[in-house]
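Peer 1: Given next are the chains, with one letter for each unit.
Number of protein chains: 2
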Amino acid sequence: MKEEKNVAPKAVVLLSGGLDSTTVLAIAKAEGYQCYCLSFAYGQRQEVELERARATAIRYGASEHLVLRGDLDRIGGSALTTEVAVPKGRSFVEMDAEIPVTYVPGRNTLFLSYAMAWAEVVGATEIFIGVNALDYSGYPDCRPEYLEAFAKMANLATKAGVEGRKLQIRAPLMEMTKKEIIQQGVALGVDYSLTHSCYDPAADGRACGGCDSCRLRLKGFAEAGLTDPVLYQD
Amino acid sequence: MKEEKNVAPKAVVLLSGGLDSTTVLAIAKAEGYQCYCLSFAYGQRQEVELERARATAIRYGASEHLVLRGDLDRIGGSALTTEVAVPKGRSFVEMDAEIPVTYVPGRNTLFLSYAMAWAEVVGATEIFIGVNALDYSGYPDCRPEYLEAFAKMANLATKAGVEGRKLQIRAPLMEMTKKEIIQQGVALGVDYSLTHSCYDPAADGRACGGCDSCRLRLKGFAEAGLTDPVLYQD
Chain L
1 MKEEKNVAPK AVVLLSGGLD STTVLAIAKA EGYQCYCLSF AYGQRQEVEL
51 ERARATAIRY GASEHLVLRG DLDRIGGSAL TTEVAVPKGR SFVEMDAEIP
101 VTYVPGRNTL FLSYAMAWAE VVGATEIFIG VNALDYSGYP DCRPEYLEAF
151 AKMANLATKA GVEGRKLQIR APLMEMTKKE IIQQGVALGV DYSLTHSCYD
201 PAADGRACGG CDSCRLRLKG FAEAGLTDPV LYQD
Chain C
1 MKEEKNVAPK AVVLLSGGLD STTVLAIAKA EGYQCYCLSF AYGQRQEVEL
51 ERARATAIRY GASEHLVLRG DLDRIGGSAL TTEVAVPKGR SFVEMDAEIP
101 VTYVPGRNTL FLSYAMAWAE VVGATEIFIG VNALDYSGYP DCRPEYLEAF
151 AKMANLATKA GVEGRKLQIR APLMEMTKKE IIQQGVALGV DYSLTHSCYD
201 PAADGRACGG CDSCRLRLKG FAEAGLTDPV LYQD
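Chains as they are written, first to last, in my numbering: chain L, 1 to 234; chain C, 1 to 234.
One chain only, chain L, in its complex shape (with noise of 0.2 angstroms):
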């Protein structure tokens, strides 16, 4: 029996283990695209995500899962690679003020940069990214216009871009409240279930509930009239 060959485009999607990037890889999936899953042990407190992530990627079919260790804890500069303290109970007109303790300097530029260079080893032509820029407009690299530069540069780093195989970033979310993200989820069978937004969980996992990413993630199930099915402490 001849092997017949999978000609469906390829894509590297960042997952991270959260709502937003599983949402974004159920995306992916139903656009027809191969999805080359890319996770990172970056020193982050919650090891937890990584574990969702890994099981995500095998529940939606992945042909590839890599986890690749970054040392930006060794950079430090945040709350969430460093003892820091995760700010609890903030209003979300607090989260709107300003640059958050919990931005990473340079987070996203490395995972798209590690996301870059591994859709050109493997041939992808698209990077989903699970960016929001109206939920969450405190960090500077999750606006439209820095994906876009970053793409442009993108462009210009790589052989593929040089040789005119452009790389896509994609971000699905961009656009969308928490609310139509768990929507469109939803609607494409996502299981939160195997999720995690927590940026400060207990030891068993369970999501404290008051941290910034607690806070918006339950705002979104209530306005979408849906239980979040994680576990969270009393």
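None of these hints come from the bench; they were simulated from the model. Here the structure is a predicted model, which means the values were calculated and not measured. Some hints here could point you the wrong way.
The calculated SDA-like cross-link candidates involving lysine to any residue, where the alpha carbons are at most 20 angstroms apart (straight line), are [to be verified]:
no., chain 1, residue 1, chain 2, residue 2
1, L, Lys219, L, Lys166
2, L, Lys152, C, Lys152
3, L, Lys159, C, Arg143
4, L, Lys166, L, Asn155
Okay, the calculated beta carbon distance ranges per label pair [said to hold, decoys possible]:
no., chain 1, residue 1, chain 2, residue 2, range
5, L, Gln168, C, Glu175, 30 to 36 angstroms
6, C, Leu226, L, Val121, 35 to 41 angstroms
7, C, Leu226, L, Ala55, 57 to 63 angstroms
8, L, Pro144, C, Glu175, 33 to 39 angstroms
9, L, Val7, C, Val121, 41 to 47 angstroms
10, L, Gly164, C, Pro229, 51 to 57 angstroms
11, L, Ala55, C, Lys166, 40 to 46 angstroms
Among the chain L residues that face chain C by a calculated CB cut under 7 angstroms, a handful are [as the list claims (entries may be wrong)]:
no., residue
12, Thr109
13, Leu110
14, Glu145
15, Tyr146
16, Arg165
All C-beta atoms, glycine included, are put in the ideal place defined by N, C-alpha and C.
Start from chain L and add chain C according to the hints.
Peer 2: Here is chain C on its own, set in the frame of chain L:
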């Protein structure tokens, strides 16, 4: 006695331990910067480069020297990170003709992304990189238009950029020939016996003399009327 604060501007210097980046470090020091040297163990075969980088950072009084492991070896796609044979004895015309197999997908983008993150954390306003367009035009991520695109992206990616503290990418060797680089370095007192350029050294660290990098280096010393002080295999 009151401790005086060092108010010299800070720069992150990408330091491979090669001839070019060592010259760049000397230039940054001569311009009065506090130098934060950044090196990478990215699965490259020539770990000897890193030993030279360590010695060089100490010799030039770097404020800090950080060696990061970047996991590029797990992405693959290059003769520098996998077991593809390094080409030997190619003419300079052959070198110019195409993107060589020693091209590492995403290498400079990853190096600059880590440098950008570290610059933000330490408050550096410049990144120095030893890329050079004239002697070696085969790498897409060594061109001025690439560096300009990276700087534009970086200033959209970071808190510093958003707040108006613009980061500059400095490539002082960009328009120089290898001969001119060596002459500049000698004028600044660079000890080139500490540098390493060979893509395929012997186990004892001696250079092969035949790879593209050795050939360009030897040509530069010859044109400058100098003898290369590093050891070559017979």
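Peer 1: The structure should be examined with respect to each hint, and the outcome stated for every one.
Peer 2: Quick rundown of the hints versus the structure:
Taken as a hint, the lysine 219(L) and lysine 166(L) pair is broken in the structure, with Cα atoms around 38 angstroms apart against an allowance of 20 angstroms. A distance of roughly 10 angstroms separates the Cα atoms of lysine 152(L) and lysine 152(C); the hinted pair therefore holds under the 20 angstroms criterion. At most 20 angstroms may separate the alpha-carbon atoms for a hinted pair to count; lysine 159(L) and arginine 143(C) meet this at roughly 12 angstroms. For the suggested pair lysine 166(L) and asparagine 155(L), the alpha carbons sit about 6 angstroms apart, so the restraint of at most 20 angstroms is met.
With their beta carbons about 33 angstroms apart, glutamine 168(L) and glutamate 175(C) fall inside the hinted range of 30 to 36 angstroms. Checked against the hint of 35 to 41 angstroms, the pair leucine 226(C) and valine 121(L) passes, with Cβ atoms roughly 39 angstroms apart. A hinted range of 57 to 63 angstroms holds for the C-beta pair leucine 226(C) and alanine 55(L), which are about 60 angstroms apart. At about 34 angstroms, the CB distance of proline 144(L) to glutamate 175(C) agrees with the hint of 33 to 39 angstroms.
Under the hint 41 to 47 angstroms, the C-beta atoms of valine 7(L) and valine 121(C), about 44 angstroms apart, fit the expected range. For glycine 164(L) and proline 229(C), the Cβ-Cβ distance of about 43 angstroms falls outside the hinted range of 51 to 57 angstroms, so the restraint is violated. Separation of alanine 55(L) from lysine 166(C) is about 42 angstroms and conforms to the stated range, judged on CB atoms against 40 to 46 angstroms. At its closest, the beta carbon of threonine 109(L) sits 5 angstroms from a beta carbon of chain C; the interface hint therefore holds under the 7 angstroms criterion.
Restraint check, leucine 110(L) versus chain C: the minimum CB separation of about 5 angstroms is within 7 angstroms; hint holds. Among the interface hints, the one on glutamate 145(L) holds; its C-beta lies about 6 angstroms from the nearest C-beta in chain C, closer than the 7 angstroms criterion. Against a cut-off of 7 angstroms between C-beta atoms, the interface hint on tyrosine 146(L) holds, since the closest Cβ of chain C lies about 4 angstroms away. At its closest, the beta carbon of arginine 165(L) sits 12 angstroms from a beta carbon of chain C; the interface hint therefore is violated under the 7 angstroms criterion.
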